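Participant: Chains Z and X are the protein sequences, given in the same order.
Residues 35 to 547 in the numbering used here are what the first sequence lists, from first letter to last.
Residues 435 to 796 in the numbering used here are what the second sequence lists, from first letter to last.
By construction, these hints were calculated from the structure, which means they are not laboratory data.
Every value quoted in this text rests on a predicted model; they were computed, and no experiment measured them.
Some hints here could point you the wrong way.
Residues from chain Z that face chain X, not an exhaustive set, calculated with beta carbons under 7 angstroms [stated by the list, open to error]: (1) Val124; (2) Asp131; (3) Gly155; (4) Val186; (5) Phe187; (6) Gly221; (7) Phe273; (8) Lys429; (9) Val435.
Each computed DSS-like pair below joins lysine-lysine, with the alpha-carbon atoms no more than 27 angstroms apart [what the hints assert, rightly or not]: (10) Lys360/Z - Lys677/X; (11) Lys360/Z - Lys61/Z; (12) Lys360/Z - Lys429/Z; (13) Lys429/Z - Lys769/X; (14) Lys459/Z - Lys429/Z; (15) Lys691/X - Lys429/Z; (16) Lys499/Z - Lys429/Z; (17) Lys300/Z - Lys499/Z; (18) Lys300/Z - Lys677/X; (19) Lys459/Z - Lys499/Z; (20) Lys399/Z - Lys499/Z; (21) Lys373/Z - Lys360/Z.
Every residue gets a Cβ at the ideal spot worked out from N, C-alpha and C, and that includes glycine.
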Amino acid sequence: MRIGIDVGGTNTDAVLMDGAAVLSATKTPTTANVSEGIATALRRVIADSGIDTAAIDGVMIGTTHFTNAVVERKHLTPTACIRLGLPATVCLPPMVDWPDDLREIVGGNAHLAHGGHEFDGREISAYQPEEVRAIAGKIRDAGLTAVAISSVFSPVNATFEEQSAEIVREVIPGANITLSSEIGRIGLLERENAAIMNSCLRQLAARTVDGFKAALDELAIDAPFYISQNDGTLMNADFAKEYPVLTFASGPTNSMRGAAFLSGLKDAIVVDVGGTTTDIGVLQHGFPRVAALAVDIGGVRTNFRMPDTYSIGLGGGSIISPHPLKVGPQSVGYELTEKALVFGGDILTATDVIVAGGSEDIGDKSAVADLNAEMVAAAQARIMEMIAIAVDRMKTSATPVPVIVVGGGSILVTGAIEGASEIIKPQHFPVANAIGAAIAQVGGECDRIFSLAELSREQALEQAKAEASERAFNAGAAAASIEIVDVEEVPLAYLPGNATRIMVKAVGDLLGG
Amino acid sequence: MRIIDEAVLEDLALGAAVLGTGGGGDPYIGKLMARQAIRDYGPVELYTLDELDDDDLVVPTAMMGAPTVMVEKMPNGDDIVNAFQSVGKYIGKPIKATMSIEAGGLNSVVPIYCAARLGVPMVDCDGMGRAFPELQMVTHTIHGISSTPFAMSDERGNTVLMETISNLWTETFARSVTVNMGAMAMIALYAATAAQLREAAIPGTITLAEEIGKTVRRARLEEAEPVETIRRSVGGFRIFKGKIGDVQRRTEAGFAKGDAFIDGIDEYAGQRLQLSFQNEHLAARIDGEFRVTVPDLLAVLDVDTGEPITTEGLRYGFRVAIIAIPCAEKWRSPKGLELVGPAYFGYDTDYVPVEETYKPQA
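Work out the full structure, taking the sequences as your base and the hints as a guide.
Facilitator: Take a look at the structure:
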């Protein structure tokens, strides 16, 4: 049996699952000390189901705690950055694109050293150990122990980052070091930003993960526990202490994975209808399709692989103006239960239109009995058209695909969606995130530029797949269960030797999970 | 004369993406470089060509190479200064100002870095009025201005100076040296006097990019129709609105080429537009017939936000509006069309100016 927990900004949700069955589910408010809320949620799901805690094989936790720390500028450890790449990159030193307040909190302690590689693996300049040693001394003298190390084209060759880390460890015993090559992809500033944020968050991560452990101990659960990553896979507790930055944006990912699980579909469109917006995402092989664009976290640009979602201003609280007909994007939001007509308010909302149309019976139906039937029909048609256009925008081909509808506002979906082969509204949709956490697997990635002049395309793909599989194995996947779930090739303009960027993702079941 | 400060820079980079017609490189890194230089060294003076004396020497600066490399191995900063100063040293005369050779995309903002660092002004003009993939494709070539003395510098301090017999040869040699330098180099080229530029350059393009950026920003704030607002601000033509269907891509000789097929919606329902691209959007055929081709500009915009969509960003299901913008008049000369007309890019059609195909639109 597994327990999935989603620690959101407002609610902490938990589910207890036995294989594919949801035995119990609960929602409690998130507490300032995150562990307390988790303990409460755990206590409830266990009590509701009456199981023995010894029967629990694993606890999977998804949390926005670390993202919020960056957004709120709280609990961040001052961190130095060493970048290897001189004489290149001087005009844009580390943290150059950070908001001033965040750079100040983190300390703005940035250093450039020689090293780095070209796209084809040549060295930009010779690596100079003594230079790095001198920089490490300065960092130590400034009283810092958290260090991020980046090197130009380190996704192609990470040797200089690794050698520098050894030196920093000699100079600053017990230093908290993050290498950019362990976290990010091509795009130096974005990858370096992620590495710096990771070192900033490690102290908080250690405290938080220990807090999670304490909550489990309190309930005498000695099963291993895992934390969700942004790509929908898991990391174990020790790994999470080392790489807290990898939890960024795990929320939407878990929600989509949960939808996949609840519906039993691996390839589908997920439509998550909330109070104000509807988010549409795409499941491919059971995982969310990731966005190609850079993503800002707390004003800092990163290149994390975030789910590619498209949002429209449509939800249960969307305000409807009848003449001329307009649906949203303004919404009564969380005040729906006071302001909508069916709840005794005086604002016409999407929920009112659905109730008037007769497909749902919520609140006081008589409050919408006098609405013009033509207008109601037109508004419902408009809502379905908005969803259909958004769904179509996210599709990759004209072939009809199944659409999974989740979220509190899913009553808005009343008819067929053009381009959808079927529409599924699964059970337990309010706790889809916690379910997504509970069912997660472990994974590994490879993202590199290959020169197809030296390797054949097949050889390059094989190499990339092997690297991704090895990383999945190192992350705790059972070797036999590892499979390649995503392969993307991007030919690069203006580069010689048929340079191609290859991105591969492998996932597998947790060893012993 | 007016001042380019941080606020102007933001609008300029946004507008440059529209003029980039789907290519030209992401202005983000260039914008950061320019912003940092403005913070460290102060804002940049932007002169019109008329404000310069006839003999004032202007040397454009730019980045050449793979945009993918630029986001990883960022420039040193001295490299662009070296390239710029090497050309001046070789000519043996003081350089008055720098300018953008390509107002679309990344190279619209790269010269601002050089200008801020050296305290030299920038001139409000460029050599394309848009983005093009090769370095001989500038209006300077039409007017017989040589790209050489051509300087290209890397971050190590190497500078390669060239004298060539034609701008096409400069492109050929520069392409090889760029690879040796790590698939990216900073370049200075097409030195010319203000008197020559009044004939050869396309005036006012930096201001144009800034105005477009300002328009997009305001339209977004006011939630007004961004596509129509952009079209009016550039004097463009609505040519299509539709949904992207199939996108076919291929790499040929280092260029990312391909075609996107777009199915018409609303008043264009039932029609199909074939958009052909090579780094930039180059030609549009509707139901098999060429309607707009290079050198006129094709901007593919998100129907709702007006966000320009790059050639890499073309994806199934996107709803796009396509507007055509008349190119600079200089490109319509026989010499101009020889350099960048449909035939050069392998399209078997004669060039017809967009405003002859389409009626004026309010």
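Participant: All hints are to be evaluated individually against the structure, with a verdict given for each.
Facilitator: Do the hints match the structure? See the list:
1. Val124: Nearest chain X Cβ about 5 angstroms off; hint holds.
2. Asp131: Asp131/Z check passes; min Cβ-Cβ to chain X is 6 angstroms, inside 7 angstroms.
3. Gly155: 11 angstroms, violated
4. Val186: 5 angstroms, holds
5. Phe187: 6 angstroms, holds
6. Gly221: Since chain X brings a Cβ to about 5 angstroms from Gly221/Z, closer than 7 angstroms, the hint holds.
7. Phe273: 26 angstroms, violated
8. Lys429: Since chain X brings a Cβ to about 5 angstroms from Lys429/Z, closer than 7 angstroms, the hint holds.
9. Val435: 11 angstroms, violated
10. Lys360/Z - Lys677/X: 23 angstroms, holds
11. Lys360/Z - Lys61/Z: 35 angstroms, violated
12. Lys360/Z - Lys429/Z: 26 angstroms, holds
13. Lys429/Z - Lys769/X: Violated: Lys429/Z and Lys769/X sit about 44 angstroms apart, past 27 angstroms.
14. Lys459/Z - Lys429/Z: 19 angstroms, holds
15. Lys691/X - Lys429/Z: With Cα atoms ~23 angstroms apart, Lys691/X and Lys429/Z stay inside 27 angstroms; holds.
16. Lys499/Z - Lys429/Z: 26 angstroms, holds
17. Lys300/Z - Lys499/Z: 21 angstroms, holds
18. Lys300/Z - Lys677/X: Holds, because 26 angstroms separates the two Cα atoms, which is no more than 27 angstroms.
19. Lys459/Z - Lys499/Z: 35 angstroms, violated
20. Lys399/Z - Lys499/Z: Not OK: Lys399/Z and Lys499/Z at ~57 angstroms, beyond 27 angstroms, violated.
21. Lys373/Z - Lys360/Z: 18 angstroms, holds
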